[in-house]
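Q: Order-wise, the sequence lines are chains A and B. Counting from 1, one number per residue, gives the positions in the first sequence under my numbering. Counting from 111, one number per residue, gives the positions in the second sequence under my numbering.
Hints are supplied without guarantee of correctness; some may be wrong.
[As the list claims (entries may be wrong)] Only pairs whose alpha carbons sit at most 30 Å apart, straight line, appear in this in silico DSSO-like list of lysine-lysine: (1) B:Lys-175 to A:Lys-49; (2) A:Lys-49 to B:Lys-159; (3) A:Lys-65 to A:Lys-50; (4) A:Lys-65 to B:Lys-160; (5) A:Lys-65 to A:Lys-49.
Derived from the structure by calculation, the hints contain no laboratory data.
One letter stands for each residue in the lines below.
Protein chains: 2
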Amino acid sequence: MVQLSERLDSAFAALGDPTRRRVLERLGRGEASISDLAGAFDMTLTGMKKHVHVLESAGLVTTEKIGRVRYCRPGPRRLREETEWIAKYQSMLEDRYDRLGEFLERTRGE
Amino acid sequence: MVQLSERLDSAFAALGDPTRRRVLERLGRGEASISDLAGAFDMTLTGMKKHVHVLESAGLVTTEKIGRVRYCRPGPRRLREETEWIAKYQSMLEDRYDRLGEFLERTRGE
Chain A
1 MVQLSERLDS AFAALGDPTR RRVLERLGRG EASISDLAGA FDMTLTGMKK
51 HVHVLESAGL VTTEKIGRVR YCRPGPRRLR EETEWIAKYQ SMLEDRYDRL
101 GEFLERTRGE
Chain B
111 MVQLSERLDS AFAALGDPTR RRVLERLGRG EASISDLAGA FDMTLTGMKK
161 HVHVLESAGL VTTEKIGRVR YCRPGPRRLR EETEWIAKYQ SMLEDRYDRL
211 GEFLERTRGE
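Please model the complete structure; the sequences and the hints are all you need to start from.
A: In C-alpha cells, the structure reads:
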C-alpha cells in the first residue's frame, strides 16, 4: 500500500506539466488510445507514452490493451486527497490571517 | 506577466515533494528563517535554500532578508488557481460518469 505522502508526490508532480494536464482534460471527455493522444497533441508516440506512464504511475490514468491498441481513461484516483491537502493548507492560512487581523485590531485599540 | 499554465506548472511541481509540502504547513503556522526550517527538518542550509527557492519561484513563499537572516512566510499565491483547475477536472469526470450511468440505465431498460 503506497503511503498518502507518496500518492501526493506523484500526483502533484504529474500535474506539474501542461501536456499531462491537457491529456487529463482530454480523457475527461472520453477514452482515447495513446496514438489518438499523440496525434491530438502533435507529439511522437514515444513522447506520449512517457506522459501516459507518469499519469498511470500516479493512478490518474488507467490503460488497457485491446488487440494492438492501448486505450486510456481517467482514474482510479480523482485528486480527492490532493484537494484535501490544499483545502487544509488554505484553511491554515486563513486562520493565520484572521489571527494577524485580530492582533492588528487589538493593537490599534490600545 | 507569467501565464496561468506556467503558474500551474511551477506550483504543482513545487507541491510534488514531501519536504516542500511540510515547509508550507510549517509556515502556515508562522514565519520562520531558512535556518529554523533547516533545523526543523534536519537538513543542510543549502538543501533547505533549494527547496525555499523552488517554493518562492512558484509564488508560494515570500522571503525577506532582515540583517543576516532570511525569513520566509506563505504567499502571495494561495493555490486558488490550482484548486480551480482540479475542481473543473473533477466536475468533468462526474459529468462523464453520470452520462455513463444514464447510458447503462437506458441500455438495461431496452
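Q: Against the structure shown, which of the earlier numbered hints fail to hold, in ascending order?
A: 1, 2 and 4
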